[in-house]
Amino acid sequence: MKWIRKIVEKYGKKESGLIPILQDVQKIKGYLPEEGISDIAAELKIPIARVYSLATFYKAFRLIPRGRHSIHVCLGTACHVRGGAKIMDRLEQDLGVRSGETTQDGRFTVESVRCVGCCGLAPVVVIDDDFHGKLNQKKVIQVLKKYE
Amino acid sequence: MKKDHIQVWVCSGSTCVSKGSLTIRAVFEQEIRKHKLSDRVAVLAGRCSGTCNRGPIAVIEPGHIIYQQLTPEDIPFLVKEHFLKGKPVQRLRTDVSETKTMIPTLMEIDFFKHQQLVVLRNRGRIDPDKIDEYIALDGYAALAKALTSLSPEGIISEIEKAGLRGRGGAGFPTATKWMLCRQADGNPKYVICNGDEGDPGAYMDRSILESDPHAVLEGMAIGARAIGAQRGYIYVRDEYPLAVERVKTAIQQARHYGLLGENIFQTGFDFDVEIIRGGGAFVCGEETALMASIEGKAGRPRSRPPFPAEKGLWEKPTNINNVETWANVPAIISRGAKWYASLGTEKSKGTKIFSLVGKINNSGLVEVPMGITLREIIFGVGGGIPNGKRFKAVQTGGPSGGCIPESMLDLTVDYEALTQAGAIMGSGGLIVMDEDTCMVDVALYFVSFLVEESCGKCTPCRVGLQRMKEMLIKITEGEGEEADIERLEKLARVIGSGSLCGLGQTAPNPVLTTLKYFRNEYEAHIKQKRCPAGVCKKLIVYTIDPQKCTGCGVCVKSCPVDAISGEKKQVHVIDQQLCTRCGSCQEVCSFDAVVIQ
Ligand SMILES: Cc1cc2nc3c(=O)[nH]c(=O)nc-3n(C[C@H](O)[C@H](O)[C@H](O)COP(=O)(O)O)c2cc1C
Ligand code: FES
Numbered sequence: 001m002k003w004i005r006k007i008v009e010k011y012g013k014k015e016s017g018l019i020p021i022l023q024d025v026q027k028i029k030g031y032l033p034e035e036g037i038s039d040i041a042a043e044l045k046i047p048i049a050r051v052y053s054l055a056t057f058y059k060a061f062r063l064i065p066r067g068r069h070s071i072h073v074c075l076g077t078a079c080h081v082r083g084g085a086k087i088m089d090r091l092e093q094d095l096g097v098r099s100g101e102t103t104q105d106g107r108f109t110v111e112s113v114r115c116v117g118c119c120g121l122a123p124v125v126v127i128d129d130d131f132h133g134k135l136n137q138k139k140v141i142q143v144l145k146k147y148e
Numbered sequence: 149m150k151k152d153h154i155q156v157w158v159c160s161g162s163t164c165v166s167k168g169s170l171t172i173r174a175v176f177e178q179e180i181r182k183h184k185l186s187d188r189v190a191v192l193a194g195r196c197s198g199t200c201n202r203g204p205i206a207v208i209e210p211g212h213i214i215y216q217q218l219t220p221e222d223i224p225f226l227v228k229e230h231f232l233k234g235k236p237v238q239r240l241r242t243d244v245s246e247t248k249t250m251i252p253t254l255m256e257i258d259f260f261k262h263q264q265l266v267v268l269r270n271r272g273r274i275d276p277d278k279i280d281e282y283i284a285l286d287g288y289a290a291l292a293k294a295l296t297s298l299s300p301e302g303i304i305s306e307i308e309k310a311g312l313r314g315r316g317g318a319g320f321p322t323a324t325k326w327m328l329c330r331q332a333d334g335n336p337k338y339v340i341c342n343g344d345e346g347d348p349g350a351y352m353d354r355s356i357l358e359s360d361p362h363a364v365l366e367g368m369a370i371g372a373r374a375i376g377a378q379r380g381y382i383y384v385r386d387e388y389p390l391a392v393e394r395v396k397t398a399i400q401q402a403r404h405y406g407l408l409g410e411n412i413f414q415t416g417f418d419f420d421v422e423i424i425r426g427g428g429a430f431v432c433g434e435e436t437a438l439m440a441s442i443e444g445k446a447g448r449p450r451s452r453p454p455f456p457a458e459k460g461l462w463e464k465p466t467n468i469n470n471v472e473t474w475a476n477v478p479a480i481i482s483r484g485a486k487w488y489a490s491l492g493t494e495k496s497k498g499t500k501i502f503s504l505v506g507k508i509n510n511s512g513l514v515e516v517p518m519g520i521t522l523r524e525i526i527f528g529v530g531g532g533i534p535n536g537k538r539f540k541a542v543q544t545g546g547p548s549g550g551c552i553p554e555s556m557l558d559l560t561v562d563y564e565a566l567t568q569a570g571a572i573m574g575s576g577g578l579i580v581m582d583e584d585t586c587m588v589d590v591a592l593y594f595v596s597f598l599v600e601e602s603c604g605k606c607t608p609c610r611v612g613l614q615r616m617k618e619m620l621i622k623i624t625e626g627e628g629e630e631a632d633i634e635r636l637e638k639l640a641r642v643i644g645s646g647s648l649c650g651l652g653q654t655a656p657n658p659v660l661t662t663l664k665y666f667r668n669e670y671e672a673h674i675k676q677k678r679c680p681a682g683v684c685k686k687l688i689v690y691t692i693d694p695q696k697c698t699g700c701g702v703c704v705k706s707c708p709v710d711a712i713s714g715e716k717k718q719v720h721v722i723d724q725q726l727c728t729r730c731g732s733c734q735e736v737c738s739f740d741a742v743v744i745q
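Residue numbers (the numbering used here), protein chains in the order written: chain F, 1 to 148; chain U, 149 to 745.
These are calculated hints, taken from the structure and not from any lab test.
Note that CB positions come from ideal geometry on N, CA and C, so glycine has one too.
Fair warning: there could be bad hints in the mix.
Said to hold, decoys possible - Restraint-style ranges between C-beta atoms, simulated for each label pair:
| # | chain 1 | residue 1 | chain 2 | residue 2 | range |
| --- | --- | --- | --- | --- | --- |
| 1 | U | GLU625 | F | ASP130 | 32 to 38 Å |
| 2 | F | VAL143 | U | ARG403 | 57 to 63 Å |
| 3 | F | LYS6 | U | GLU625 | 32 to 38 Å |
| 4 | F | ASP130 | U | ARG667 | 42 to 48 Å |
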């Protein structure tokens with residue numbers, strides 16, 4: 001695919017550019033599609049397994065498509081001692097998914113993160129690019145209503 | 149910005165931005181224009197002042213007047229009152245001290261009074277996207293001095309006399325590292341800034357990169373000169389998009405001004421910096437893993453020696469320092485080693501930034517001189533524990549650190565004292581825990597974190613931590629046996645001594661320190677099948693206190709499994725068969741009627 005070739009060339013068509021290449025592809029697609037991964041390997045003339053090894057080692061990469069909105073529940077230490085896990089449990093229950101999964105209707109993907117650096121606002125949930133702090137179970141359910 | 153302007157610094161750190169400070173700045177600008185005050189009042193983007201839980205924040209200078217928790221609706225009124233009538237708006241002024249009195253200015257607030265700003269010297273005072281403002285406050289003067297009046301050895305000698313030690317965790321003397329790399333054979337040489345900041349609950353480095361990126365660039369350029377490097381990399385973790393943007397802008401501006409690039413200050417010194425975004429793996433903060441990651445590989449640590457100073461990035465001599473370490477360098481070169489060495493203790497010099505978070509009144513970033521006690525930080529700067537709860541422990545050093553009990557709060561903050569207590573200085577997270585925090589649960593939390601983050605290369609770490617996690621789960625579920633404590637201790641020793649990198653070597657610390665200082669909590673879980681803090685779900689029940697329940701029905705609505713019943717205005721009851729122990733009824737009850745047993 002042409003757009004993939006462009007990205008690969010942007011980083012000098014070198015294997016050492018693999019991480020930023022994957023980051024750019026994911027930025028466009030929201031995840032790393034199978035064809036994309038094989039195209040990258042072909043462009044760089046390296047085994048597909050090399051690309052998968054990186055794509056599965058780093059947490060930032062995803063191999064399956066995501067819902068319309070991504071929910072990141074912070075489970076960093078500050079958020080943990082202020083009840084982050086309770087919020088995660090509640091979301092899992094109300095949305096009927098486990099952490100890492102997407103709801104049936106494709107509305108939300110729920111994941112955990114370890115600290116987003118807003119610890120003063122713990123517990124924190126990041127939905128798409130919006131930070132929501134000082135939450136409890138009731139507030140987080142309220143907040144979800146804003147995202148269709 | 150003209151010097152005689154009144155300045156409105158609206159914080160543009162991540163936390164304040166997330167709470168809408170960009171809109172607030174825009175409304176400020178609009179109102180100032182509307183009232184034709186533009187030639188008198190300048191609205192500026194300030195850097196993080198550290199009181200993030202009070203955001204969005206604006207500071208008015210001169211006068212250090214701080215307005216907190218602003219909303220866009222507050223601004224028209226504020227501008228009218230403060231700038232037209234000259235009356236500061238009391239309602240919006242800060243109240244961060246435990247005394248709950250009105251406090252007039254920034255420096256009189258407890259939160260700031262005990263702090264000493266070296267690294268955060270430009271805190272709240274410059275717009276990070278404008279290199280001119282950094283330069284106006286003597287920015288890049290240290291680089292000029294280093295290039296024109298010091299030899300590379302002279303620079304290293306200043307850093308040595310200052311006694312600077314690495315802020316990334318282990319506290320290795322920075323000058324020694326630089327000298328080793330300078331003397332190593334091989335060309336080219338590299339410098340790296342470690343901005344991976346993996347410790348959960350800590351955000352010092354993020355704040356520095358976002359609000360004073362030039363301080364890091366300047367420090368790296370000085371270090372590169374000392375070592376003989378011409379190229380630098382800043383590795384920033386994936387979760388910090390704003391930091392990446394700010395650093396990119398700073399690099400462009402510095403290049404434009406000739407402060408990066410070729411022949412800097414006409415001295416023949418060439419140096420340039422590239423930014424690398426991490427892939428979101430905790431272990432990539434470890435230096436050898438980080439370098440593998442820059443090379444485009446999976447970030448798995450390798451054994452040392454060879455150390456990066458001899459064989460680092462692409463097998464070339466490399467010096468890697470933490471963000472905060474680099475940001476200290478310009479201050480040392482400008483103000484001199486003697487001044488710097490006068491701060492702190494005999495072996496730990498200068499200041500340290502902590503992210504003071506958790507169960508604490510004033511949470512945020514604090515920069516304090518080394519040698520201050522933990523008690524002063526928590527009860528002086530931090531204003532103690534909220535809601536009249538009792539302090540239980542403070543966790544330092546992230547997943548490699550430990551939990552320090554109340555009896556040891558007079559411990560001074562220096563590398564040796566903290567290590568001796570079984571914790572470590574670490575990168576600067578201070579997570580405060582109160583009586584409602586279960587220490588077995590905390591140990592399980594860190595071990596689970598490390599199980600996820602272990603790269604899997606060596607067996608003690610990969611398998612040992614997994615077994616440790618299973619044992620801790622067993623204990624928190626009330627299935628523990630007395631022999632488990634000894635098993636945990638034994639396993640901890642094996643993991644600690646047998647692992648390949650720092651991740652596994654320090655992984656047992658949270659378990660060992662909680663076992664050492666809070667053994668009674670483990671015993672309560674094991675022998676009495678009880679969680680004293682009321683956290684471990686399998687060992688607690690929620691009930692409603694009939695004395696306190698007013699029958700308002702709020703809990704009924706909040707319960708996700710319809711386990712609560714009761715007529716309006718009658719005492720409610722929880723059906724223990726249905727209850728999932730999620731605790732949402734307790735969160736919403738205004739009468740403290742939901743209790744844990
Ligand atoms: C598992 C692990 C994670 C680490 N994470 C970080 C980190 O996030 N940031 C950091 O500066 N150093 C981290 N370090 C320490 C680095 O390996 C290295 O010692 C440090 O960057 C050196 O800088 P300094 O001398 O300025 O402290 C980590 C070490 C280990 C073992
Ligand atoms: S621990 Fe949640 S934001 Fe830092």
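Verification of the supplied hints:
In this structure, GLU625/U and ASP130/F meet the distance hint of 32 to 38 Å, their C-beta atoms being roughly 36 Å apart. Between VAL143/F and ARG403/U the Cβ separation comes to about 42 Å, which falls outside the hinted range of 57 to 63 Å. Our hint of 32 to 38 Å for LYS6/F and GLU625/U is violated, since their Cβ atoms are close to 53 Å apart. Between ASP130/F and ARG667/U the beta carbon distance is about 43 Å. The supplied range of 42 to 48 Å therefore holds.
Hint violations for this structure: numbers 2, 3, all remaining hints satisfied.
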